[in-house]
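J.: Fit the two chains together into the complex; they arrive one by one in their own frames, and the hints show the way.
Residue numbers (the working numbering), protein chains in the order written: chain A, 1 to 789; chain B, 1 to 178.
No wet-lab data here; the hints were simulated from the structure. A couple of the hints might just be wrong.
[As the list claims (entries may be wrong)] What follows is a list of derived Cβ distance ranges for each label pair:
| # | chain 1 | residue 1 | chain 2 | residue 2 | range |
| --- | --- | --- | --- | --- | --- |
| 1 | B | LYS148 | A | GLY266 | 40 to 48 Å |
| 2 | A | ALA316 | B | LEU79 | 15 to 23 Å |
| 3 | B | LEU177 | A | GLU576 | 48 to 56 Å |
| 4 | A | VAL111 | B | PHE159 | 38 to 46 Å |
| 5 | B | ARG157 | A | LEU88 | 22 to 30 Å |
We treat Cβ as the ideally placed atom computed from N, Cα and C, and that holds for glycine.
Given next are the chains, with one letter for each unit.
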Amino acid sequence: MAEPESSTAAAGAGGSRLRNAFGGVLCAFTLLLIGVLAFSIRLFSVIKYESVIHEFDPYFNYRVTQFLSKNGIYEFWNWFDDRTWYPLGRVIGGTVYPGLTLTAGTIWWFVNSLNIPLSVETVCVFTAPIFSANASWATYLLTKEAKGTGAGLMAAAILAMVPSYISRSVAGSYDNEAVAIFALIFTFYLYVKTLNTGSLFYATLNALSYFYMVCSWGGYTFIINLIPMHVLLCIVTGRYSSRLYIAYAPLVILGTLLAALVPVVGFNAVMTSEHFASFLVFIILHVVALVYYIKGLLTPRLFKVAMTLVISVGLAVCFAVVAILVALVASSPTKGWSGRSLSLLDPTYASKYIPIIASVSEHQPPTWPSYFMDINVLAFLVPAGIISCFLPLSDASSFVVLYLVTAVYFSGVMVRLMLVLAPAACILSGIALSEAFNVLTRSIKCQLAKLFDDSPAASGDSSAESSSASTASANSAKNENRSEKNETAPKEKPSKKNRKKEKEVTESVPAKHKKEKKLLVLPMEASVMGILLLIVLGGFYVVHCVWAAAEAYSAPSIVLTSRSREGLHVFDDFREAYAWLSHNTDVDDKVASWWDYGYQTTAMANRTVIVDNNTWNNTHIATVGTAMSSPEKAAWEIFNSLDVKYVLVVFGGLVGYPSDDINKFLWMVRIGGGVFPHIKEPDYLRDGNYRVDAQATPTMLNCLMYKLCYYRFVETDGKGFDRVRGYEIGKKHFKLTHFEEVFTTHHWMVRIYKLKPQKNRVRGKLKKLKSGSKTSSTIAAGRKKNPWQ
Amino acid sequence: MPSTIDRIYLKLPSLYPFTLLHLAPLRTSLVERRRIEETGRDSGGGDIGDLPFLLISGYDKILRMPRATSDAKLLIQSLGKAYAATPTNLKIIDLYVVFAVATALIQVVYMGIVGSFPFNSFLSGILSCIGTAVLAVCLRIQVNKDNKEFKDLPPERAFADFVLCNLVLHLVIMNFLG
Numbered sequence: 001m002a003e004p005e006s007s008t009a010a011a012g013a014g015g016s017r018l019r020n021a022f023g024g025v026l027c028a029f030t031l032l033l034i035g036v037l038a039f040s041i042r043l044f045s046v047i048k049y050e051s052v053i054h055e056f057d058p059y060f061n062y063r064v065t066q067f068l069s070k071n072g073i074y075e076f077w078n079w080f081d082d083r084t085w086y087p088l089g090r091v092i093g094g095t096v097y098p099g100l101t102l103t104a105g106t107i108w109w110f111v112n113s114l115n116i117p118l119s120v121e122t123v124c125v126f127t128a129p130i131f132s133a134n135a136s137w138a139t140y141l142l143t144k145e146a147k148g149t150g151a152g153l154m155a156a157a158i159l160a161m162v163p164s165y166i167s168r169s170v171a172g173s174y175d176n177e178a179v180a181i182f183a184l185i186f187t188f189y190l191y192v193k194t195l196n197t198g199s200l201f202y203a204t205l206n207a208l209s210y211f212y213m214v215c216s217w218g219g220y221t222f223i224i225n226l227i228p229m230h231v232l233l234c235i236v237t238g239r240y241s242s243r244l245y246i247a248y249a250p251l252v253i254l255g256t257l258l259a260a261l262v263p264v265v266g267f268n269a270v271m272t273s274e275h276f277a278s279f280l281v282f283i284i285l286h287v288v289a290l291v292y293y294i295k296g297l298l299t300p301r302l303f304k305v306a307m308t309l310v311i312s313v314g315l316a317v318c319f320a321v322v323a324i325l326v327a328l329v330a331s332s333p334t335k336g337w338s339g340r341s342l343s344l345l346d347p348t349y350a351s352k353y354i355p356i357i358a359s360v361s362e363h364q365p366p367t368w369p370s371y372f373m374d375i376n377v378l379a380f381l382v383p384a385g386i387i388s389c390f391l392p393l394s395d396a397s398s399f400v401v402l403y404l405v406t407a408v409y410f411s412g413v414m415v416r417l418m419l420v421l422a423p424a425a426c427i428l429s430g431i432a433l434s435e436a437f438n439v440l441t442r443s444i445k446c447q448l449a450k451l452f453d454d455s456p457a458a459s460g461d462s463s464a465e466s467s468s469a470s471t472a473s474a475n476s477a478k479n480e481n482r483s484e485k486n487e488t489a490p491k492e493k494p495s496k497k498n499r500k501k502e503k504e505v506t507e508s509v510p511a512k513h514k515k516e517k518k519l520l521v522l523p524m525e526a527s528v529m530g531i532l533l534l535i536v537l538g539g540f541y542v543v544h545c546v547w548a549a550a551e552a553y554s555a556p557s558i559v560l561t562s563r564s565r566e567g568l569h570v571f572d573d574f575r576e577a578y579a580w581l582s583h584n585t586d587v588d589d590k591v592a593s594w595w596d597y598g599y600q601t602t603a604m605a606n607r608t609v610i611v612d613n614n615t616w617n618n619t620h621i622a623t624v625g626t627a628m629s630s631p632e633k634a635a636w637e638i639f640n641s642l643d644v645k646y647v648l649v650v651f652g653g654l655v656g657y658p659s660d661d662i663n664k665f666l667w668m669v670r671i672g673g674g675v676f677p678h679i680k681e682p683d684y685l686r687d688g689n690y691r692v693d694a695q696a697t698p699t700m701l702n703c704l705m706y707k708l709c710y711y712r713f714v715e716t717d718g719k720g721f722d723r724v725r726g727y728e729i730g731k732k733h734f735k736l737t738h739f740e741e742v743f744t745t746h747h748w749m750v751r752i753y754k755l756k757p758q759k760n761r762v763r764g765k766l767k768k769l770k771s772g773s774k775t776s777s778t779i780a781a782g783r784k785k786n787p788w789q
Numbered sequence: 001m002p003s004t005i006d007r008i009y010l011k012l013p014s015l016y017p018f019t020l021l022h023l024a025p026l027r028t029s030l031v032e033r034r035r036i037e038e039t040g041r042d043s044g045g046g047d048i049g050d051l052p053f054l055l056i057s058g059y060d061k062i063l064r065m066p067r068a069t070s071d072a073k074l075l076i077q078s079l080g081k082a083y084a085a086t087p088t089n090l091k092i093i094d095l096y097v098v099f100a101v102a103t104a105l106i107q108v109v110y111m112g113i114v115g116s117f118p119f120n121s122f123l124s125g126i127l128s129c130i131g132t133a134v135l136a137v138c139l140r141i142q143v144n145k146d147n148k149e150f151k152d153l154p155p156e157r158a159f160a161d162f163v164l165c166n167l168v169l170h171l172v173i174m175n176f177l178g
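This is chain B alone, in the form it adopts within the complex (with noise of 0.2 Å):
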């Protein structure tokens, strides 16, 4: 029997998903039922051949997209504890590595707004600081200690390397500025 809730729910079926969290075992089969008969669709997965299914096995094609929203918060969680296992100085080449890419961004906004007229400066700008941001993650390639393959590559060598790609890249920046 359709109560305030239900009625609430049938009217603004966006915010069903969110609720179900807490409302989750009497309210569906009923309303998830007259949604479907109404709009031919339930609210997240499978179609209306789901029917018996719904009934049957409840809760799981209905709970899928609150599942994807918690398996999102899930995802980004492990995400989160995963990278903050990482050692610090990968995690400062991380910074450098945004840094620069946020730079590059800010650049190609500029330029969207005043134009692109010295074409050179802002290829020169544009490059330099997506240059940066590779060779900032080649050298955390090289200095992980998790990579296998670079074990007998000490980090003086890989960061030597760094420094003297940097020093050609910005020469070349250098001259390209105009």
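Extracted from the complex, chain A is given alone in its bound form (with noise of 0.2 Å):
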């Protein structure tokens, strides 16, 4: 009896090590395929439209890793922009983050070195994708570290797809969290793996990725206040191990060192509040390892000593240094916050004091349908993860747990946090998804076993296989979870894994470790039911993800199109006119427009803005928001005064454009009555009513803003009817005095004005002196009106 079994014993290990290295390159050819996958699901808008880049803020990188690419890194650290926020000029070394464009700089120069010739701006279309593709592998690294392989592929599957991180990322959308999303997720990664191995070597790449985090996106935040509120919690429920040392204390030093390098960040990584949580709990860190030293070496009655000794000591100290630093952060106004960061914690903050940070779309509350447009099905699965987080918990299934809750709560506050939540939505349905198929096909193969052990035509052997299949059920878990895992992978094919499975457990060796776990064994048909079931819901969130990535997210806003009976128009009215700028002006006139389009004008028209996106000066933009809300004459005073030569607004009254500049018309006045107090917002209101109709208020008629838009509008179809509002505009006739219209568009959706030079005579006083001399009165004109006050 020995003997045999002794046989089946290597036969089984040999066999056990060919499932091994079946599992493992299966497992590689699904992450290959999973990659392929995220690649894939984001060229849509490439199909649909062009390679092209998309919307605004990647205008901006594209044109600074033009720049990189041009003249060399030196350059780049050290450029100063003059071509933007004229007459102030922007440090581009010191205020961008530099990781996206490094990143794709890097890339470009890589492969054109192997005489690939990829331009510029394709590299920059790309980097999105391939990225997304390095997000996912990360995400499975991530979730095996937390639950297991399938667990992990799981969510790898479910993070290549999820619409969220697709809106953010589709090739042409060259955006800094192209990259940020993926070092976020691998700095999680490589925290986690310190933490259960414990190794330095981690701990070092730890901060080297966090480093990476830091240059590529202003969210790093996240991460250095996450990883220490874990760091507690641990503490806090009685985790502590020095692997928890090891993960933390290095990651804070060298982590704050390395984000000082980046000339964004400098001494903000020390000197704003957002810095100071991990600091804190560095401190307490070492307090705690310093108690659990000392217990180790003393006796428990002198530890008890000890202790009261060191708290009542302590607690002065500790005390005093707390009163010191509230009294530092509370002498500055924000309490040592950056704004947006207040306004993160506090929703209301912007709306009341920084109404530039309120005007953006994108740092609105969203509303509860747009959960389950970004993350669809994963709303409902993320509670089940997190119960099965907790049987058991471990360190990193705490960790998971944290990061989602926090990103919860983020997402609540700013719709484009979204996409911080996906992530761990998704970890979390992974692990959900793959416990769900664990439980039923241990039960279908349970259920089957006890169907062939009830077979009448039992053989001896059949007998055996059974018995080893009915103990094979009383595995361990690692034979299960392996063979589960080779099945839960692909999903298109279940049921040719699932005879493959049953194939090797028949097979299988009893372990070597017969654990009377008692299982949890659901009847046959609910189980395949269930499994049936689960793959539809797969399906459909497949389906959900496909659609959104086509319809909604593919847009690349400066190319817009519309179905109709004739069939398909396209609106390249923003290209028109950004051409029609740099072939028909000089090199060195400047274009005065409202922010949004900024970075668009200096990357395509290669022209001097005013005010762009990056909005870090409220002032000028009020300047601008001042100059649009006033008469002609005001205006063209402020527009001269700041050098201007041609003033572009984008109007959307023709061909119902819906966020063109009427409609922003109010943050202008918002912003410019911010700074300039004679500019009141009730002016342009109706009524408490913003309209442009008959029924609008004189101001609002009179505003540049009105005039440039709909100037010769009447023209189109004799009544003046905006598509958009829905109504005829209030003032049809009128001529313009200090601006000349020197280019349309095809559609009217950017119209470019320029100003007129000042008059030589001014005929006007003229007329009141005819009585006097000729020479006399033009000397007395001349020196009445004073053209540049």
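T.: Below you can see the structure in the form of structure tokens.
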């Protein structure tokens, strides 16, 4: 009896090695497929439109990358840009997060050094899909640390498709989040890996990955606050271990240093309140470590004495230090926090104090449907994942739960931060689905084994096999998990995997340690129905993700399309206007527009602008806003003082484009009125309503924005019907005295005006002094009216 | 009956606890009762409500503060003894940690004297000292044989990790020093 057992044991060991190898290859292949999926689902915009950079912010990043590729890294690091925020300029080297541009620049340089002639634009457009593939691999690694390989594959597959992440990383969306989300997940993975293994090597890698995250995005403050929170949670729940010290303490020191290296952050790394949490927890961790060390050295009674001594002294010192700190922080009006962080902690802060932050649509709180749109099915898989994380609770799973809870809070404050929620939701849903599949397939396995047991045609062999199968059902979790992981990975071929798994089960040798664990076993029909329904749920999720990627999130917003009976209309007005500017104006001409279009103007038209999307100088923006809200003469004075030659407005009334300047006009009034008190918002509203028809106030009908948008508009249809607002405009026939129209695009979406030069003779004054002599009258006229005041 | 010694003790109550160690038995209840009558408080721990207690249980409450000091002495002694039992290599690492922290303190004092103008230099100096201290503590944790979590980590690997992390740290420091 011993001989066949040892041979079967040897065969079993060989079989398990083969199964291990097969599982590893399958896992790698699945990961490759997931990467390809993540890359290809983001290519809809390239297919439907063209390989073009989207929106506004990516144009700035593209321009910076162009500069980097042309002039090298030293010039980039010290670049002072004088073509924006005229006449102030902007220190690009010190105010931009360099991670994205350096990444794309490195890829471009590397690819070109291999003599593959990719242009900078192509590299920029496709950076985001490449890094989303990297992000799904990082999610696999992170979830594997928390729960296991099966959950990891599931989470990676879900993250590859989640619409919230797709919205910020389509091909062409060349923005910070494209690489920052990858850096975020990878940093979390390295932290959890260090926590699990206690290796200083991974701690070093963790600090370097955190450095990459600081380079990439302002959202790095989330990491440097979440990790201390988790450390505190571990200490408070009694899970302190020396691995926690190794995971956290080097990260704080190295991370602070590396963060201070990035010019944007600089000394903020040690002086702003966003980082104080990490220092505080650093001190607390050292105190706790010291306590544990001394506890190990002393007897319990002496330890109690030591504690009383230390507590009385330590509390006094703590009090003093905290009092000093609080006094220092409270003396600054924002308590040391930056405006953006404050608006996260207190959602009403921005609307009260910083209208620019409040005016961005991305900074508004999300609506309930947007949760379902952005994370779909995951919204109700996440609670199941939370429960699964608690059985059993480990450091890594507690970290994932904490990450999710904080991400949910922040996503509720700003719709833009749904992006930070997406990876957490994917991880937890992956865990939930993987556990569900575990339970259901285990039930099927047991039920099938019982069926074989009960079948009358049971020979000795089959009975031995079935007994081994039933003992295999009480195996250690390792064997089961492996076979189930092979099973859960590719959803498209479930039946084939089932058959293969059953073959493996009946061939497997009973495990060395037969734990009599009471495993949950459901009836056969219920488990089969359960698996089928879960697969259908996954199908719904996939369908929704593909629809969202194709229809909702692939619009480049620089090119618009609309379908009508005659086919597809393409509105390429923006690029038409920028091309006109770049061909028909001088290189040094200044263009004034609202700050939304600044980046695009500098990147595509290559002209100097007054304000752009960086919005770092509120007064400058308020100046432009005041000019747009003033009557023609006052606006001309303001623009002339800024050396402006051309004014650009966006107008959607002819074609029904709703995000035009007339709809944004109230924000111009508010921001201008915040700095220049003579602009009062009620002056532009009739009974609290914002109107531009015949009921509008005279201030509204005379302001520059109205005149520039609706000049000659009545010539289009004779009545001046505004398709966006839905009524006829108020003032239809008027002439411009201080501006002249130089260009209007094909669909009237962008209109460019030139400032008329100052008149040589002032005819109005001459009329009054008709009685006097000619020379004296001209001299008097010249003296009386100084055009430069 | 008050003797000269009693009068001295009454006038200089702060000396009182330290002498009790060898003049303990007879002195206490009489003088202590008088002190309680005068000040309403006794010398260490307890309050006037403990008066019957004091008389009955004698030395316990009265001796608490000197007991505290003797306890403190005992504490320090046992700490010293337990620490002396640690292996030599760990003691070397501890010495290194103490040296690094002392250097950091010296730098803070220097900054207090001359001001923090090149703030990046100050920051990099302080953080390099604290950083090497932290990394040395991590090395000590990993090399300590009493630590069961790291029993299958070879000390050479721990030292190699320590060197690598220090390399990265000092590279950053050198860059940031300015």
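J.: Each of the hints needs a verdict: does it hold here or not?
T.: These are the hints, each one checked on the structure:
no.	hint	result
1	LYS148(B) with GLY266(A): 40 to 48 Å	43 Å, holds
2	ALA316(A) with LEU79(B): 15 to 23 Å	22 Å, holds
3	LEU177(B) with GLU576(A): 48 to 56 Å	52 Å, holds
4	VAL111(A) with PHE159(B): 38 to 46 Å	40 Å, holds
5	ARG157(B) with LEU88(A): 22 to 30 Å	54 Å, violated
In the structure shown, a violation is registered for the earlier hint numbered 5 alone.
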